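Student: Sequence:
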Amino acid sequence: MKYLDGVVFLAAHTARSKAYTQVMKQFSFCPEKTIIFGKEKGTQADQTNEIFQNVMIKDMFLPNLDESLTLTATNARWDYEEIEVDDINDKQIFSRLKDLSSSAKLVIYSGYGSQIVSRVLLDLGLPFLHMHAGWVPQYRGSTTLYYSWIVENNCAVSAIFLDPEIDKGPIIKRKKYPPPPEGVDPDYIYDCAIRADMLKLVLQSYYDEGQVLDIITQTGKENTYYVIHPVLKHIARLRK
1170 MKYLDGVVFL AAHTARSKAY TQVMKQFSFC PEKTIIFGKE KGTQADQTNE
1220 IFQNVMIKDM FLPNLDESLT LTATNARWDY EEIEVDDIND KQIFSRLKDL
1270 SSSAKLVIYS GYGSQIVSRV LLDLGLPFLH MHAGWVPQYR GSTTLYYSWI
1320 VENNCAVSAI FLDPEIDKGP IIKRKKYPPP PEGVDPDYIY DCAIRADMLK
1370 LVLQSYYDEG QVLDIITQTG KENTYYVIHP VLKHIARLRK
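Residue numbers (the numbering used here): 1170 to 1409.
Quick caveat, the hints were computed from the structure, so don't treat them as lab data.
Watch out, some of these pointers could steer you wrong.
[Unchecked claim] Cut-off 25 Å, straight-line C-alpha distance, at most; resulting in silico cross-link-like pairs (DSS-like, lysine-lysine):
(1) Lys1344 x Lys1369
(2) Lys1342 x Lys1390
(3) Lys1274 x Lys1202
(4) Lys1369 x Lys1337
(5) Lys1202 x Lys1369
(6) Lys1369 x Lys1171
(7) Lys1267 x Lys1202
(8) Lys1210 x Lys1194
(9) Lys1194 x Lys1369
(10) Lys1342 x Lys1227
(11) Lys1208 x Lys1260
(12) Lys1194 x Lys1208
(13) Lys1369 x Lys1345
(14) Lys1227 x Lys1260
(15) Lys1274 x Lys1171
(16) Lys1171 x Lys1194
(17) Lys1344 x Lys1171
(18) Lys1369 x Lys1227
(19) Lys1274 x Lys1194
(20) Lys1337 x Lys1390
This one's a predicted model, so the numbers in the text were calculated from it and none came from an experiment.
Construct all of the structure, not just a fragment, from the sequences and the given hints.
Tutor: As structure tokens, this is what we get:
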């Protein structure tokens, strides 16, 4: 077991959180504390766990989205608790993180996609680790996996610390990935899988060194992307 001293995993009930939980279990990483917030509501709209033609991706862990967060955490024998509020900025979450702030060194954050962590939470002084599905600073904002897929025929993940400005926090690690193979759902399988792969790389470094190394401050003014138009998304999916 690779015990992650001072690491708090703060996770909402999302496909991404399932991928993070499962990849940590798969590679024997154990956060010191796990907080699961929100309510489990079953399958999300348009979510699929189907992988056609037995597609495999070399050296890539693919999550099982049918498995709940709590089941994975229980099977991994993690110390976890549940807070039944949906808002990351709820006072219950603030209070719990404040209680942990004296001993916590790092928060792995996997919240609901539409929510932004408030400055009040960030001012607790805890570094919030976020896996952004884009190469920053060139691809900040939403659904950047699709934009780089169209423009450069690749996808990317940047491990960053959260900042009050969207996707402008310090960079910890970046990696480019090929586009998703045919038959692998880009939104709920591949996006989650490459983010989980990056998390695995960052946590291995943290476990080996006892801290996050090689932090790069972002510079330059780049574009911020918004939710991609369905037609452009369709064009990306048709690209070979």
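Student: List in ascending order the numbers of the hints, as given earlier, that are violated by the structure.
Tutor: 14
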